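J.: Knowing the structure of chain A, use the given hints to seat chain B on it.
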Amino acid sequence: MYAELGELGFTVIAIALDEVEAAREWIEAANPTYPCVIDVDHRVAEQYGIINVPTAIWIDEDDRIVRPPDMTPVNDLFKDFTGIESEVHHNQLRAWVRDGELPLSLDRVAEFQNQPSANDQLARLHRRVGAWLHRAGHDEAAAPHFERAQTLAPWDWTVHRGAMPLTGRDPFGPEFFDYVKNWNEAGAPGYSWGNSALRRDLATEE
Amino acid sequence: MTFTILHEDGEVAVAGPTIAVGDLAAATGWELKAEGLCRGDVCVPVRDRAALVVDDAVAIEALGAALHRPVVVDADAGVAAIGADPVAVGTALRDRQAPDFTLPTLSGEQFSLSSVGRKKKVLIAWASW
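Protein chains in written order, with this note's numbering: chain A, 1 to 206; chain B, 1001 to 1129.
By construction, these hints were calculated from the structure, which means they are not laboratory data.
Keep in mind the model is a prediction, meaning the values are calculated, not measured.
Relax, there's no trap hidden among the hints.
Once the Cα atoms are required to be at most 20 angstroms apart in a straight line, the calculated SDA-like pairs of lysine to any residue come out as:
(1) B:K1120 with A:A3
(2) B:K1120 with A:N91
(3) B:K1119 with A:D60
(4) B:K1119 with A:L106
Computed from the model, here is a short list of chain B residues facing chain A with C-beta under 10 angstroms:
(5) L1006
(6) E1011
(7) I1082
(8) A1084
(9) Q1097
(10) P1099
(11) F1101
(12) Q1110
(13) F1111
(14) G1117
(15) K1119
(16) K1121
(17) V1122
Covered stretches of chain A, going by a simulated chain B footprint (3 or more residues, C-beta under 8 angstroms):
(18) 30 to 40
(19) 43 to 56
(20) 119 to 126
All residues carry an ideal CB built from backbone N, CA and C; glycine is no exception.
Next up, chain A with everything else stripped away, as it sits in the complex:
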């Protein structure tokens, strides 16, 4: 998409909510021409209310958010799992970059922003401290911070699933699939990510 739209006053900025070494092989393999930053502290997640990956946020020329955080697959690899076709997002993106057309009216964008609760914010800090201790080689000291973070914000995937590789657990293993099942049974809670309300409204407004 960047290759197609990059000439039209448009750029992608990729933010890895990850450890440097974990992000390295992916970035080196993709070797992108757009900026790729690594956010080990999940600061951008804190600022923008990002609770899962992959998430896209659109920002206009005046640094205003014009599409709220939403799950936006780059391809159809997980289509059966997420029920989301990548082409829908790509077409919306083309319409915006070429013609300035937005999929959701601006007064509705704020409605779908992820306003963090006090517990959500505290969870992100515990995750940050846990990840720092893990990097420093203090996994024993890190463990209670990861546990506290998950208790405070059980449906924030950046907190829960993101901690799995830092605590010797498999983010693609049975624990993750149990987590998805529980999340679905709880009504897929948490902000707009994966929230069918945003998807329904986007479809209506098209």
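T.: Showing chain B alone in chain A's frame:
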């Protein structure tokens, strides 16, 4: 043993979880002035100075309380984190303002959102997990 504070601009090593008033600006970016706790143009009034400053020093928990920000302190492990201002985060999201950030690329170079200028931008948050 040094003590590490993770704050919004990065991390800094200090002597312990309580910081001498004179070292506060270097350690946290916040300076104690007559107007309150100040950082750049922003000053947060301090209602209860006696609760903030004890024996000419400021505990990180007290700093977080005075700034109305969440904090996590692990005294045994020697690390603390001060969060972003919840009111500022909430207001920016409600008003659709895209906050600036500065983060490193793989090569260690710093990149700021504000350096992009007048372009349409898509932030893609991703991870290997």
